[in-house]
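**Q** Listed here are the chains, written in short residue letters.
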Amino acid sequence: MAEESVFLVNGNKLSWKEGLVVADALKMMNYTFKMLVIKMNGELVKRENWQTTPIPENADIKVIHLISGG
Amino acid sequence: MISRAEYFSKRDPFAFPLWQKATVGIAGAGGLGSNSAISLARAGIGTLIIADYDLVTLENLNRQQYTLAQIGKLKVEALAENIRSFNPFINLVLHPVKITPANLNAIFKEADLLIEALDEADQKEMLISCWLSNYPKKHIIAASGIAGFGKNENIYGERYGFLHIVGDMKSELKPEISPIATRVAVVANMQANLALELIAKAKGI
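Chain order of the listed sequences is A and B. In terms of this note's numbering, the first sequence opens at residue 4 and continues consecutively. In terms of this note's numbering, the second sequence opens at residue 1025 and continues consecutively.
Treat the hints as calculated values from the structure; they're not laboratory data. One or more of the hints may lead you astray.
Unchecked claim - With a straight-line Cα cutoff of 27 Å, these simulated DSSO-like cross-link-like pairs (lysine-lysine) come out:
hint : chain 1 : residue 1 : chain 2 : residue 2
1    : A       : Lys42     : B       : Lys1194
2    : B       : Lys1175   : A       : Lys37
3    : B       : Lys1045   : B       : Lys1161
4    : B       : Lys1162   : B       : Lys1045
5    : B       : Lys1162   : B       : Lys1194
6    : B       : Lys1225   : A       : Lys42
7    : A       : Lys49     : B       : Lys1162
8    : A       : Lys30     : B       : Lys1175
9    : B       : Lys1175   : A       : Lys65
10   : B       : Lys1162   : A       : Lys42
11   : B       : Lys1194   : B       : Lys1175
12   : A       : Lys49     : B       : Lys1227
13   : B       : Lys1122   : B       : Lys1133
14   : B       : Lys1227   : B       : Lys1045
Claimed, not checked - Computed footprint of chain B on chain A; a stretch qualifies when at least three of its residues, placed anywhere within it, have a C-beta under 8 Å from a C-beta of chain B:
hint : region
15   : 41–47
16   : 61–71
Think of the CB as a built atom: it goes at the ideal place given N, C-alpha and C, for glycine as much as any other residue.
Take these sequences, add in the hints, and give me the full structure.
**A** Right, here's the structure in full:
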């Protein structure tokens, strides 16, 4: 039996399929933070590329929430 | 007149010379930036590059390292004055400008690492994103989640490659309530403490 294809978002295992882009990861996690930084496999993915950057199988995505206050 | 040797007595023989050679950028001179700058200056960082376009106001005094007499002054000038009052041997580079993607390099290119000390989340995102794109091998130490008081146990640091975040990662500001001096200073000093560690570690100490 083939193992299910997955990727990680902040340590949560999600089911992977061809054609997913970085923006989909936010929807799948129901994240509604406005300001955030996304790193995929250690590399920054800029906001303007969230809709176009594909998620590779087994990707490790970190979504970092930025909160006002300084 | 105090000599340099007298002033810098009882310092760590291995780490202190590295701190003296280091240049730390501080983006913002509010609650986070004024506190981290003062600690880094006391610890013996050689050069601080500080950028903030704002003026000191009365409402800043609840958490920022300024005095009543400094209201109306540029924050970078007031902070420099305060730092020089206890450390005459530090090199301070001041930029009284708003940090943008267009001027980030010109301001901070000499910095070995950057402390993010901005107020608004969108500015934090801009700074982190530009820094990591421009300098993928230079550390940036940001803060997220500093509102409220107490809850020491919730404040921690996370590392994502060259991006470090300190805070509780969840406390949102309530409308019309500033961050509170103690928690801002804790986070600012955790940022500064990490900066010292990263500089020392870069040489294996």
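**Q** Could you run down the list of hints and mark each one as holding or not?
**A** Quick rundown of the hints versus the structure:
no. : hint                  : in the structure
1   : A/Lys42 x B/Lys1194   : holds (19 Å)
2   : B/Lys1175 x A/Lys37   : holds (25 Å)
3   : B/Lys1045 x B/Lys1161 : holds (19 Å)
4   : B/Lys1162 x B/Lys1045 : holds (16 Å)
5   : B/Lys1162 x B/Lys1194 : holds (26 Å)
6   : B/Lys1225 x A/Lys42   : holds (24 Å)
7   : A/Lys49 x B/Lys1162   : holds (17 Å)
8   : A/Lys30 x B/Lys1175   : violated (31 Å)
9   : B/Lys1175 x A/Lys65   : holds (25 Å)
10  : B/Lys1162 x A/Lys42   : holds (16 Å)
11  : B/Lys1194 x B/Lys1175 : holds (12 Å)
12  : A/Lys49 x B/Lys1227   : violated (31 Å)
13  : B/Lys1122 x B/Lys1133 : holds (16 Å)
14  : B/Lys1227 x B/Lys1045 : holds (12 Å)
15  : 41–47                 : holds (count 3)
16  : 61–71                 : holds (count 6)
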